[in-house]
Each structure stands twice: as C-alpha cells, then as structure tokens.
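*Asks:* For the protein sequence lines, the chains are D and X, in the order given.
Using my numbering, the first residue of the first sequence is number 1, and each one after it goes up by one.
Using my numbering, the first residue of the second sequence is number 1, and each one after it goes up by one.
These aren't lab readings, by the way, just hints derived from the structure by calculation.
Among these hints, one or two may not hold up.
[As the list claims (entries may be wrong)] Pair ranges (Cβ atoms, derived):
1) X:S126 / D:D300: 38 to 48 Å
2) X:T164 / D:S11: 13 to 23 Å
3) X:L104 / D:G123: 44 to 54 Å
4) D:R121 / X:S321: 23 to 33 Å
5) D:L104 / X:S260: 21 to 31 Å
6) X:L104 / D:E168: 28 to 38 Å
7) D:N2 / X:D62: 52 to 62 Å
8) X:P255 / D:D120: 49 to 59 Å
9) D:V230 / X:F27: 19 to 29 Å
[Stated by the list, open to error] Computed cross-link-like contacts, EDC-like style, restricted to lysine to aspartate or glutamate with a CA-CA straight-line distance of at most 20 Å:
10) D:K30 / X:E115
11) X:K105 / D:E324
12) X:K293 / X:E262
13) X:K105 / X:E115
14) X:K105 / X:D120
15) X:K293 / X:D29
16) D:K105 / X:E324
17) X:K293 / X:D261
18) D:K7 / D:E196
19) X:K7 / X:E196
20) D:K30 / X:D90
21) X:K30 / D:E115
22) D:K293 / D:E262
23) D:K209 / D:E262
24) D:K7 / D:D147
25) D:K221 / D:D243
26) X:K105 / X:D312
27) X:K105 / D:D29
28) X:K30 / D:D90
29) D:K293 / D:E208
30) D:K105 / D:E115
31) X:K221 / X:D243
32) X:K209 / X:D261
33) D:K105 / X:D29
[Said to hold, decoys possible] Covered stretches of chain X, as calculated for chain D (at least 3 residues, CB under 8 Å):
34) 17–23
35) 315–324
Predicted model only: the values in this text are computed from it and were never measured.
We put the beta carbon where it would ideally sit given N, CA and C, even for glycine.
There are 2 protein chains.
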Amino acid sequence: MNITMIKDAASRLEGHARRTPMLTSPFLDKIAGRRVLIKPECLQHTGSFKFRGAWSAVSALDANVRSRGVLAFSSGNHAQGVALAAHQHDIPAVIIMPADAPALKIANTRALGAEVVLYDRAGGESREDIGERLAADRGLTLIRPYDEPQVIAGQGTTGLEIATQAAELGVASADVLVCCGGGGLTSGIALALEAEAPGLRVRPCEPEKFDDTTRSLATGKIQHNTGQAVGLCDAILTPSPGDITFPVMARLCGPGLVVSDEQALRAMALAFLRLKVVAEPGGAVALAAALFKADQITGDAVICTISGGNVDPNIFANALSLLED
Amino acid sequence: MNITMIKDAASRLEGHARRTPMLTSPFLDKIAGRRVLIKPECLQHTGSFKFRGAWSAVSALDANVRSRGVLAFSSGNHAQGVALAAHQHDIPAVIIMPADAPALKIANTRALGAEVVLYDRAGGESREDIGERLAADRGLTLIRPYDEPQVIAGQGTTGLEIATQAAELGVASADVLVCCGGGGLTSGIALALEAEAPGLRVRPCEPEKFDDTTRSLATGKIQHNTGQAVGLCDAILTPSPGDITFPVMARLCGPGLVVSDEQALRAMALAFLRLKVVAEPGGAVALAAALFKADQITGDAVICTISGGNVDPNIFANALSLLED
Numbered sequence: 001m002n003i004t005m006i007k008d009a010a011s012r013l014e015g016h017a018r019r020t021p022m023l024t025s026p027f028l029d030k031i032a033g034r035r036v037l038i039k040p041e042c043l044q045h046t047g048s049f050k051f052r053g054a055w056s057a058v059s060a061l062d063a064n065v066r067s068r069g070v071l072a073f074s075s076g077n078h079a080q081g082v083a084l085a086a087h088q089h090d091i092p093a094v095i096i097m098p099a100d101a102p103a104l105k106i107a108n109t110r111a112l113g114a115e116v117v118l119y120d121r122a123g124g125e126s127r128e129d130i131g132e133r134l135a136a137d138r139g140l141t142l143i144r145p146y147d148e149p150q151v152i153a154g155q156g157t158t159g160l161e162i163a164t165q166a167a168e169l170g171v172a173s174a175d176v177l178v179c180c181g182g183g184g185l186t187s188g189i190a191l192a193l194e195a196e197a198p199g200l201r202v203r204p205c206e207p208e209k210f211d212d213t214t215r216s217l218a219t220g221k222i223q224h225n226t227g228q229a230v231g232l233c234d235a236i237l238t239p240s241p242g243d244i245t246f247p248v249m250a251r252l253c254g255p256g257l258v259v260s261d262e263q264a265l266r267a268m269a270l271a272f273l274r275l276k277v278v279a280e281p282g283g284a285v286a287l288a289a290a291l292f293k294a295d296q297i298t299g300d301a302v303i304c305t306i307s308g309g310n311v312d313p314n315i316f317a318n319a320l321s322l323l324e325d
Numbered sequence: 001m002n003i004t005m006i007k008d009a010a011s012r013l014e015g016h017a018r019r020t021p022m023l024t025s026p027f028l029d030k031i032a033g034r035r036v037l038i039k040p041e042c043l044q045h046t047g048s049f050k051f052r053g054a055w056s057a058v059s060a061l062d063a064n065v066r067s068r069g070v071l072a073f074s075s076g077n078h079a080q081g082v083a084l085a086a087h088q089h090d091i092p093a094v095i096i097m098p099a100d101a102p103a104l105k106i107a108n109t110r111a112l113g114a115e116v117v118l119y120d121r122a123g124g125e126s127r128e129d130i131g132e133r134l135a136a137d138r139g140l141t142l143i144r145p146y147d148e149p150q151v152i153a154g155q156g157t158t159g160l161e162i163a164t165q166a167a168e169l170g171v172a173s174a175d176v177l178v179c180c181g182g183g184g185l186t187s188g189i190a191l192a193l194e195a196e197a198p199g200l201r202v203r204p205c206e207p208e209k210f211d212d213t214t215r216s217l218a219t220g221k222i223q224h225n226t227g228q229a230v231g232l233c234d235a236i237l238t239p240s241p242g243d244i245t246f247p248v249m250a251r252l253c254g255p256g257l258v259v260s261d262e263q264a265l266r267a268m269a270l271a272f273l274r275l276k277v278v279a280e281p282g283g284a285v286a287l288a289a290a291l292f293k294a295d296q297i298t299g300d301a302v303i304c305t306i307s308g309g310n311v312d313p314n315i316f317a318n319a320l321s322l323l324e325d
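Bound-form chain D, shown alone (with noise of 0.2 Å):
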C-alpha cells in the first residue's frame, strides 16, 4: 500500500465516483466547540464511500479477467457499491446474501443489475464454500470489502480530498474523525494524508461494544469483538481490523474513540437539522465523537466523515425524536 495507489486510483475513479462536497454549520461549531469540517460520503453514488473502493478494485482488474465478472460477499453498503461499480464496467456481478437480509437490500442491489444468490445462515453451506464454487465455476474475482489493497486504494481517493478541501479551509492542522468497521476507509485515508497533509491525524470512530481498532490501537495488537456482531450500527461492525489494514493504521492512526449509540443517533438528527444530510448510524459516529467527545479532541479545528446514509426509515425518525428535548 503507497500513495501512488491511492492516486492512480483517484485517476481511474474521475468522473465516475463523486466529488463530495465538505460542509459546516456554525451551529454545530458551537456545540463541538471548534470549527467542525464533515465530509458527506453519504452523497456518493450508492449511498456510501464504498462505491470508491469497488470501481478501484472492478477497474483495477486485467481486462480478460474482469469480464468473466466480480463476486462480493455483503448484505449491505460494500454489496451495493460493487453491484454499481460492474454494472458501470458492464460485467457481471453476484452478490451472496444471507437469505433473512432485508427485503429492500436484497431488492436495491438486484435493480443495480446484480445477481443475488441468497444463503442460510442457520445451517448447510458457508458462504465461503458458495463463493468458491461460484468462483470457480465462472471464472469471477472476489472484491473482499475492506482488506483489499485497490479496495483500500479507492477508500484513500477520499483523503485526497479532504487534504485539498481542507487546505481550501485554511485547516492545516486537525484530527481526522473517519468511521471505522474493518478499517478500509480508516486506513485509506490515513495513507493519503500522511503523503498529503501530513498535520492531519486520522482517528478511528466506533460504537460502544464494538471497539475492536480502538483497543487493537491501545494494545499494539488485533483485537476482536466479542459477542454477535448485531447492533444499531450495522454498517461498521466488522470482528477486528484487517491484517492489512491494521498495520497502517497502527502505524498512522489513533487514539480511537468510541461513542454511545444514543450519540450517534444525535449526530444523526443534528446532520438532518444542520446539514441537510442522512446519516446512517455507524456513519454518524465520527461526527459524534466531534460533538459528544471534544474533550478527547485538540486543536481549533476536527475534520470529520459521514460514511454512508442508508439507514431504515424507522431508525431515522427515531433520531429524529430526539430533536424534541
């Protein structure tokens, strides 16, 4: 992993990921006591920053191998991103989902032109055994969702961006809040701005429970979450960081931080008040730690992400209730 990825990547990924935009509210200014700098990713095609690492990987492919098709493993945003990023190369695309995922999962990337094959979580074949098979049956590459090296190149184009958007700013020095499952976009972003704005420290944001690079950072080793991986914060609740990840960001990042899921549900209705943006939870978290964690936090300014905003309507007006206290 080097920068010169990273940047071949932004090249391949121009004009067809998004530039997002970086937005700021004075009022949340107010609230996290320094100037707040959040980048939306939740307004990058499907929804979340993992359109950017599935076109890397799609288009880093050799063309002959690439046409046989891509395979994912994935109910939910990595799913979507890599059904968009084939049918964009125009390429075949199966995606393995258990069979209890959500209907509209399920639905959303059938009609981004990807085969769905659905698996039984209670018993029988793994999804591994489902996905060799598949695999070597149709000849179709497997675009593993965080540890990755072109999936992590693609994660990184977004700290390409926040190094030229917050220059833009006059911030040169800063925390970089980024949400954190297995650490793709975490470590993307931090080998980014190590190259480009090197003032700007990446921190890894998570949920309560779910802690896993937090603690891996404390302790200098992987560390797992222990118990089932169910919670409010689907998107990022991955068992531990990844064995390429990891190294980079033991090296680049940290200290961790860890918010409630109530926090984040607050950042959610605040991104909604004050931004005008959907959040999903576990792509509020960073910008819950900005808001509920600024005593963890130095400097004039922190620079956070939004990573995605698929989120059931349910959930959201939840977060949306909280605006009445």
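Given chain D, put chain X in place with the hints provided.
*Replies:* Using the frame of chain D, we list chain X on its own:
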C-alpha cells in the same frame, strides 16, 4: 438584469457560497423514465439557495452604506440567508418577523447574529411601517427576498453551475425544473442558462392552490393566489410573481408544472432514500414534478433543483411514513 450581473455575483460569491454538487440515482431515473439530474441547494449554507442572493445583495452595497447594516422581512429561509451574509460581512442585520413565527426559526436567526424584531400580525403597526422607521433611524438597507436585481443575480449563480455540471454530464438539452415562489431563483437561473446553456429551458414548479406563476405564464399577465398563504410548501408561498421576475420568466420560462402536497412529500421521501439529502416540502416540488409529472416533460433527461431543506422534523417523519407502502 443581465448575465454580466450574474457573473459578477458569482465572482463575489467565490469562496463564500458553496458550489453544490449535481446528484443522480438510477432508482430515480427509473421512476421518471429518463435521466434525472438534481441540484441540491438544501446543501447550501443556511440550508437553502437564499444565501446566494443575500450574499450577492450585501456584497454589492457600497461599503459605507453596507456598514450601517441591512434589514429584511422574513420568517424563513431569506431571513437566515441575510443574517449569515451580514454576519460574515461583520455588519448589523435586523430581521422583522411575526411574533407567532416558530421559536426555532427565531432562535436560528438570532444564533446567526441577527437582531430579530417581532411584530404582531393581528394588529397595530404593519411590518412595513416598522421596517421604514428602523431603516430611517439607523440607515439600514432593505434586502427584498426576490424582486431585487442583486438578489436575482445571486440566485442566478445556481444556473451558471447547472450549465457547467449538465455539460460535464453530457446533457445539452433538457427541461430545468425550478421550485418557484416569487421567482427569484427561477428568473436568475433562466437568465444564466439563456447565456450559458441555451438548450436548457426553465420551467417553474409550484404546489396546487399556489400556482400563481403557472397561471401568470399561461395568461401572459401577473395572477395572484387567492386565499391565505398557508400551506405545506411554506417556503415558496408568495402572493404573485414579482414585477422584476415576471417579465424575465414570461420571456424565458414555462409552461409551469403543478404538484400536490402528497407528491411533494413523496419526493422528500425519495430524496431521503435515494439521494441522502433533506428536502423541505417547497424545496421538493421540482423533484416531485420530475418524478410524477413525467408525461408533461419531454427529452431524455431532466434537471431539477431542491431549493431548501429547512423542514420540521415531524413533517419529515410524516413524509418518511409514505415509504412503507
């Protein structure tokens, strides 16, 4: 009014107004039956395009005149735009609002640095009398919400961006649907496109029962709304097109498109689901027309504005409930 004024306004707004992105969604394309390009001015500072016109007007004043301050009548988006533009110019702003305006709007306007003067709608002094007295006493300059050349020039900068962004996306010929109240945004965009993208034709969009501009364009002379200016689409409920805006619209725009309140709410829900942006009811009428009045539109693509996102959370939750169907 001419293109030079709009280009001059764009120079003054550089680095102050936000260049909003152009959004798209394959899901919305499918509903509309053609490509839909969406210009989300809800992402502008203060949550609506009104900041552009306010900044343009304030920045165009002679420095000595400006330093004495500005005045506006508004309980809505224009108030917030003028308040922030004045604050950033470090000059006083006085906003005259009805005493029964929502507490949040009064608080927001004060938080942006303005002095709010409340008046009783029911009786006593009119807001015009109060405004004239304050203007005379303190040398304040009135900033009208739409029938004011420098305000129209500021709103027209939206049109310059649309011309560039549509060309980048390969759209040279299309209807441009604009949420229309008094016609400041509509006429400004129309003037910009006349000069920069003559294949793009502006069509004003309005809610049912408040279709004064549509009827004015159909009959060739200014028509008024009957009854009270109370409705869901509060941001764009004006009694009639303006004396300056109407001749521009009569020359360049039309025919108008009219949508129901329910269609506006459905467009808000789809903007949430597919674009991850927050639209207010009046700000969603153009998207509603693009999606639900497709038979009144011609061409392979349509462009529409989302003019603002300052909406009560309860109304927004109400719109989201339509997604369950």
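*Asks:* Hint by hint, note whether the structure agrees.
*Replies:* Now for the hints, and whether the structure bears them out:
1. At roughly 46 Å, the beta carbons of S126 (chain X) and D300 (chain D) sit within the given window of 38 to 48 Å.
2. Between T164 (chain X) and S11 (chain D) the CB atoms are about 22 Å apart, so this pair conforms to the stated range of 13 to 23 Å.
3. For L104 (chain X) and G123 (chain D), the Cβ-Cβ distance of about 53 Å falls inside the hinted range of 44 to 54 Å, so the restraint holds.
4. Here the CB-CB span from R121 (chain D) to S321 (chain X) is close to 31 Å, well matched to the stated 23 to 33 Å.
5. Under the hint 21 to 31 Å, the C-beta atoms of L104 (chain D) and S260 (chain X), about 26 Å apart, fit the expected range.
6. The beta-carbon spacing between L104 (chain X) and E168 (chain D), approximately 31 Å, falls within the hinted interval of 28 to 38 Å.
7. Remark: the range hint 52 to 62 Å for N2 (chain D) to D62 (chain X) is upheld by a beta-carbon distance near 55 Å.
8. In this structure the hint that P255 (chain X) and D120 (chain D) lie 49 to 59 Å apart at CB holds, the actual value being about 56 Å.
9. Hint check: V230 (chain D) to F27 (chain X), Cβ distance near 28 Å, so the stated range 19 to 29 Å holds.
10. Straight-line distance between C-alpha atoms of K30 (chain D) and E115 (chain X) comes to about 19 Å, which keeps the hinted pair within the 20 Å bound.
11. For the proposed pair K105 (chain X) and E324 (chain D), the alpha carbon gap of about 14 Å is at most 20 Å, so the pair holds.
12. In summary, the hint linking K293 (chain X) to E262 (chain X) is supported, as the alpha carbons are separated by about 13 Å, within the 20 Å threshold.
13. The hinted pair formed by K105 (chain X) and E115 (chain X) meets the criterion: a straight-line CA distance of about 13 Å does not exceed 20 Å.
14. Proposed proximity of K105 (chain X) and D120 (chain X) is supported: the alpha carbons are some 16 Å apart, at most 20 Å.
15. At roughly 13 Å between alpha-carbon atoms, K293 (chain X) and D29 (chain X) fall within 20 Å of each other, so this suggested pair holds.
16. For the suggested pair K105 (chain D) and E324 (chain X), the alpha carbons sit about 14 Å apart, so the restraint of at most 20 Å is met.
17. Annotation: proposed proximity of K293 (chain X) to D261 (chain X) holds, straight-line Cα distance about 13 Å (limit 20 Å).
18. Distance hint between K7 (chain D) and E196 (chain D) is fulfilled; the C-alpha atoms sit about 11 Å from each other, no more than 20 Å.
19. Proposed proximity of K7 (chain X) and E196 (chain X) is supported: the alpha carbons are some 11 Å apart, at most 20 Å.
20. Taken as a hint, the K30 (chain D) and D90 (chain X) pair is honoured in the structure, with Cα atoms around 18 Å apart against an allowance of 20 Å.
21. A threshold of 20 Å between alpha carbons decides the hint, and for K30 (chain X) with E115 (chain D) the separation of about 19 Å falls inside it, so the pair holds.
22. In summary, the hint linking K293 (chain D) to E262 (chain D) is supported, as the alpha carbons are separated by about 13 Å, within the 20 Å threshold.
23. Of the pairs offered as hints, the one joining K209 (chain D) and E262 (chain D) holds, with about 13 Å between alpha carbons and a cut-off of 20 Å not exceeded.
24. A threshold of 20 Å between alpha carbons decides the hint, and for K7 (chain D) with D147 (chain D) the separation of about 19 Å falls inside it, so the pair holds.
25. Straight-line distance between C-alpha atoms of K221 (chain D) and D243 (chain D) comes to about 10 Å, which keeps the hinted pair within the 20 Å bound.
26. Note on K105 (chain X) and D312 (chain X): the hinted pairing holds, with a Cα-Cα distance of about 10 Å set against a maximum of 20 Å.
27. Of the supplied pair hints, the one linking K105 (chain X) and D29 (chain D) holds, its CA atoms being roughly 19 Å apart against a limit of 20 Å.
28. A hinted pair counts as satisfied when its Cα atoms are at most 20 Å apart, and K30 (chain X) with D90 (chain D) qualifies at roughly 18 Å.
29. Distance restraint check for K293 (chain D) and E208 (chain D): the Cα-Cα separation of roughly 13 Å lies within the 20 Å cut-off, and the hinted pair is therefore satisfied.
30. Between K105 (chain D) and E115 (chain D), the direct Cα distance comes to roughly 13 Å. Compliance with the 20 Å bound is thereby established for this hinted pair.
31. Between K221 (chain X) and D243 (chain X) the alpha-carbon distance is near 10 Å, which keeps this suggested pair within the 20 Å criterion.
32. Between K209 (chain X) and D261 (chain X) the alpha-carbon distance is near 10 Å, which keeps this suggested pair within the 20 Å criterion.
33. For a cut-off of 20 Å, the pair hint linking K105 (chain D) to D29 (chain X) stands: about 19 Å separates their Cα positions.
34. Check result for the stretch 17–23 of chain X against chain D: holds, 5 residues qualifying (beta carbon to beta carbon below 8 Å, three or more required).
35. A count of 6 residues in the stretch 315–324 of chain X with a Cβ less than 8 Å from any Cβ of chain D is obtained; the coverage claim is therefore met, three being the minimum.
In this structure, none of the earlier numbered hints is contradicted; all agree with it.
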